[in-house]
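Residues per chain are reported as follows:
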Amino acid sequence: MRSLSISLLSLTLTSIVIANAYYQKKQFYPSVVYITKSNPSMAVIYIQAFICVWISGKIMRKIFFGQLRTTEFEHLMERSWYAITETCLAFTVFRDDFNPKFVALFTLLLFLKSFHWLAEDRVDYMERSPVISWLFHIRVLSLLLLLGSMDLHFIQHAYQSTITKGASVQLVFGFEYAILLTVVINIAIKYALHSVDLNSETPWDNKAVFLLYTELVMGLIKVIFYVAFVAIMVRIYTLPLFAFRPMYYTIRNFKKAFIDVILSRRAIHNMNTLYPDATPEELLAADNVCIICREEMTTGSKKLPCNHIFHTACLRSWFQRQQTCPTCRLNILRTPTTNNNNARPAQAPRVQPQNPFMNPFVFGGNPFQVFNQPNLGNMQPQQPAQAPQGDQNNQQAPAASAAPGAATTQPQVNIPPFPFPLNFPFLPFMPPPPIPPQDLATLTPEELQRMEGNERENVEARIQCLRNIQVLLDAAVVMMQQYNTTVAASTQPPQPNIQPSTSQTNKSTTTTPSSSSSHNSVIDSPGSSNQSDSPKVAKVAPTTTTTLNPIPENARALILPNQVLQKSWLLNRVNVQLTKRLGNAGCKGFNIKATKKLINSSNALTDKDNAHMHISDIFVK
Amino acid sequence: MAGSALRRLMAEYKQLTLNPPEGIIAGPINEENFFEWEALITGPEGTCFEGGVFPAKLIFPPDYPLSPPKMQFTCEILCRWQSVYIYFTCSGDDPMGYESSAERWSPVQSVEKILLSVISMLAEPNDESGANVDAAKMWRESREEFNKIAEKIVRRTLGIPT
Numbered sequence: 001m002r003s004l005s006i007s008l009l010s011l012t013l014t015s016i017v018i019a020n021a022y023y024q025k026k027q028f029y030p031s032v033v034y035i036t037k038s039n040p041s042m043a044v045i046y047i048q049a050f051i052c053v054w055i056s057g058k059i060m061r062k063i064f065f066g067q068l069r070t071t072e073f074e075h076l077m078e079r080s081w082y083a084i085t086e087t088c089l090a091f092t093v094f095r096d097d098f099n100p101k102f103v104a105l106f107t108l109l110l111f112l113k114s115f116h117w118l119a120e121d122r123v124d125y126m127e128r129s130p131v132i133s134w135l136f137h138i139r140v141l142s143l144l145l146l147l148g149s150m151d152l153h154f155i156q157h158a159y160q161s162t163i164t165k166g167a168s169v170q171l172v173f174g175f176e177y178a179i180l181l182t183v184v185i186n187i188a189i190k191y192a193l194h195s196v197d198l199n200s201e202t203p204w205d206n207k208a209v210f211l212l213y214t215e216l217v218m219g220l221i222k223v224i225f226y227v228a229f230v231a232i233m234v235r236i237y238t239l240p241l242f243a244f245r246p247m248y249y250t251i252r253n254f255k256k257a258f259i260d261v262i263l264s265r266r267a268i269h270n271m272n273t274l275y276p277d278a279t280p281e282e283l284l285a286a287d288n289v290c291i292i293c294r295e296e297m298t299t300g301s302k303k304l305p306c307n308h309i310f311h312t313a314c315l316r317s318w319f320q321r322q323q324t325c326p327t328c329r330l331n332i333l334r335t336p337t338t339n340n341n342n343a344r345p346a347q348a349p350r351v352q353p354q355n356p357f358m359n360p361f362v363f364g365g366n367p368f369q370v371f372n373q374p375n376l377g378n379m380q381p382q383q384p385a386q387a388p389q390g391d392q393n394n395q396q397a398p399a400a401s402a403a404p405g406a407a408t409t410q411p412q413v414n415i416p417p418f419p420f421p422l423n424f425p426f427l428p429f430m431p432p433p434p435i436p437p438q439d440l441a442t443l444t445p446e447e448l449q450r451m452e453g454n455e456r457e458n459v460e461a462r463i464q465c466l467r468n469i470q471v472l473l474d475a476a477v478v479m480m481q482q483y484n485t486t487v488a489a490s491t492q493p494p495q496p497n498i499q500p501s502t503s504q505t506n507k508s509t510t511t512t513p514s515s516s517s518s519h520n521s522v523i524d525s526p527g528s529s530n531q532s533d534s535p536k537v538a539k540v541a542p543t544t545t546t547t548l549n550p551i552p553e554n555a556r557a558l559i560l561p562n563q564v565l566q567k568s569w570l571l572n573r574v575n576v577q578l579t580k581r582l583g584n585a586g587c588k589g590f591n592i593k594a595t596k597k598l599i600n601s602s603n604a605l606t607d608k609d610n611a612h613m614h615i616s617d618i619f620v621k
Numbered sequence: 622m623a624g625s626a627l628r629r630l631m632a633e634y635k636q637l638t639l640n641p642p643e644g645i646i647a648g649p650i651n652e653e654n655f656f657e658w659e660a661l662i663t664g665p666e667g668t669c670f671e672g673g674v675f676p677a678k679l680i681f682p683p684d685y686p687l688s689p690p691k692m693q694f695t696c697e698i699l700c701r702w703q704s705v706y707i708y709f710t711c712s713g714d715d716p717m718g719y720e721s722s723a724e725r726w727s728p729v730q731s732v733e734k735i736l737l738s739v740i741s742m743l744a745e746p747n748d749e750s751g752a753n754v755d756a757a758k759m760w761r762e763s764r765e766e767f768n769k770i771a772e773k774i775v776r777r778t779l780g781i782p783t
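Chains as they are written, first to last, in my numbering: chain A, 1 to 621; chain B, 622 to 783.
Please keep in mind that the hints were generated in silico from the structure rather than gathered at the bench. Small disclaimer: the values here were computed from a predicted structure and weren't measured. Any given hint could turn out to be false.
Stated by the list, open to error - Just the calculated beta-carbon pair ranges, DEER-fashion: (1) B:E666 - A:W54: 53 to 63 Å; (2) B:V729 - A:D124: 36 to 46 Å; (3) A:C88 - B:K678: 50 to 60 Å; (4) B:E671 - A:E74: 30 to 40 Å.
Using N, Cα and C, we set each Cβ at its ideal position, and we do this for glycine too.
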C-alpha cells in the first residue's frame, strides 16, 4: 500500500514537472533542456527513474520467483545493504567519472546482483522442498540463461571498452560481472545436481561429494579473480576498499570448502580402509534402520568398531563433522583395529552384533575350564535322558549331539538344568547347522559317527557351544543385578543404596563378557587362558539358575504397589541400555560413580533425559 | 529423491503424527517448507507449569540431522535451564552455549527426543546452569513468587484471564 502511494506520488510529481516545463517552453526540445538545467526537476526525474527500476524489479521477481520466502527476503535485504555501501565506496574511487550513465550502470549491476542472490537461494531451496513443480524448473532455467547471457554481454562490453579506451570504471564492471558469471555457473551446476537427484529413484550418495568439489573449484576461481582485481586496481588507481569485504568472505568460504574436502577425503579413506561393510546377516539381525537418516539399510552400509551400523553416505557426512560414533560417541579414530580382529575368525560375519548372548567370542576364559565347572556336571546326567531309546548308541549319543555345531548341542545342554527361555533365539546365529533329527534313535551308527567327529573343528564347536551358554548366564546375571539395584534404589529413594551398586559393579567387571581386549586375546591364542575370570564366572553361574526367571516379575511387583508407575519407564530404559551396551565390545565394565549417580537420579524419575545420560555414563569404555 | 534432510524430517513428521508422544504436538508450519516447525508442549503434571500449553518454533539447518535445530519458545516462559544439546532461546536467555550444544549433538537425537527433554527440563530445572540468571535466582530464593509467575504464564497460554 505504501509503495503504491509512493509510486503514485512520484508519478504525479514527474507529470507536474514535465507539464510545468512544457507549459513554460511550449515546445519539446526547449522543455527537455529546461528540465535538465533545473536541479529540482532532475531530482524528481531521478526519483522517478529509481521507482521505475523498483517496479520493474518487482515485476521480474514476480515472473521468475513468484512469492519470495521470508528467509529469501531477509537475505536479499541484508546483502543489498552491504552492496549499496560498497557501491558508495566505489563512487569515491571513480569520482572523476561520476555521471548519470555511471550511476545507471551501477544501479543495473545491483539489480542483476540481487537476482543472482535470489536464484542462489531458490536453487538451495530445491533440497528442502518436497514438491518441485515444472514452473519452478522453467523459471530457474530461463533466469539462469538470462543472467548468464547478460553477464557475458557486460563482460564483453567492459573488455572492449578497456581495450579501446584504456582503463576506466569499466574495469570494475568487467570484474563484477565475471564474479557474477561464476556465481551463475555455480548455481547451474547445483541445479543440475539437484535435478538429477530429484529424478532418480534411489538416493544419490555421491551428490554431497560433487557439491563439495564444485564449491571448492568455484571458490578457487573467485579467489583468483579477486586477487587479480585488487592487484590491477592497486596498480592503476588506489586500494579498492569496496572489494575487501567480499574478498574476505570469498577467501573464508574457499578455506572452509578446502577443509571440508580434506575432512571428507579423510572420512572416505577411513571408511574404506578401517570399517568393514555390514553383511546382509548383520543387517537382518540388527534393527536395519540407519539412525542418521531413519531409512532402511539394504546395501552400502558400514559397521563401526562399536558394532553400530549406518549408511556409508550418512556416516561420511557425519565424519566430516565429528569422528565419533553417532550412537555411542566412541571415538572411531582411536580404536581402528578392534574390528580387524573381529573380522578374522571365520565365524565373525555371523556374529550378531547387538546381542551379547549370541556372540560366541565374548567369553574370556580357559575353554577347558568350562568342563570342570558344575554346569558341566549338571549336563552329564541329562544326556542319557535325551536319547533313551538309542540303546545301541548310548555311549555315542551325548558326544554326537554336540558335534555338528552348537545348534544341536544347545537343546541338550540348556533345557533341563537352566529352564530359561533364552535358548531359542540362539539358533539362527550359530555356525552352519546341518540340523539332524532330534530323535537320535532313528540315526544309523554311521551317521552318528560322522556327526561326532574327532577333528579339531568339532572339538572347537563343542567348546564354543559351552562358552555361549556361559555367556548367556553371565549376561543374565548382570542384567538381574542391575534390575535389583534399580529396584532397591527406587523403592527407598531418600537413602540411595550404595552397597548393592558397588557389589554389582565388582561382579559385573568380572562377569561382563564383552571386554574386547580379553576376548580378542582368547581368539588369537586359544591356548592362553584368562585364569582369573573363569572361576568367578563359575561361581556366579549356579546362582543364575535360581534367580533368573522370577526377578523381572518381582521387580514389577515391587514397583507397582508403590504407585510409582513412572519408574517402570526408567527400569525399562536401564534394561534396554544394558542389553545394548552388553553387545558393545567396547564396554569394559561399570563406572561406580556413575552408577551411584544414576541411583540418586532415579529419585527424580521424571527427569528422563538425565537418567538416560547417567545410564550411558555407567559404562566404562 | 529429495534431499536427505528433507526425507528425515518427513519421516520424523510421519512418526510424530502416527504415534504422537504424550504432551507433544509438532509439525511443519507449512508443508511446503519442512524446515520450520511449530511445536506445542504441555506443562508436565505436578509442576508449576501443569496444564499450560507452550508454543515453540523449531528451525532446522539445511544439514539436519548433522547439525542441531534451533528451538525458541514463542510464548513467555520462565527459563531456568539450558539445554544440553539444542540451541535454545527464549526471553532473557543467553545465546552462549550454542557451540557446546553443537558439539554434544548427535544425529541419533530427534524432534521427539528434544521436545521430551524440554518437558523434562520444565519438570526438573537444572539449577546449576540456569540460562536465565534472574529466573534461576528466583527459583532458588523465592519459590512462591516463581510459582505465582509460572501460574500466570500458564493461564496466559490458555487464554484465561489472570
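| task | For the range 53 to 63 Å, tell me whether the beta carbons of E666 (chain B) and W54 (chain A) fit it or not. | result | 56 Å, holds
| query | Can the suggested window of 36 to 46 Å be confirmed for the beta-carbon pair V729 (chain B) and D124 (chain A)? | reply | 26 Å, violated
| query | CB of C88 (chain A) to CB of K678 (chain B), is that within 50 to 60 Å? | reply | 37 Å, violated
| said: Range first: 30 to 40 Å. Now tell me if the beta carbons of E671 (chain B) and E74 (chain A) are that far apart. | reply: Distance hint for E671 (chain B), E74 (chain A) holds at roughly 38 Å.
In summary, the numbered hints that this structure violates are 2 and 3.
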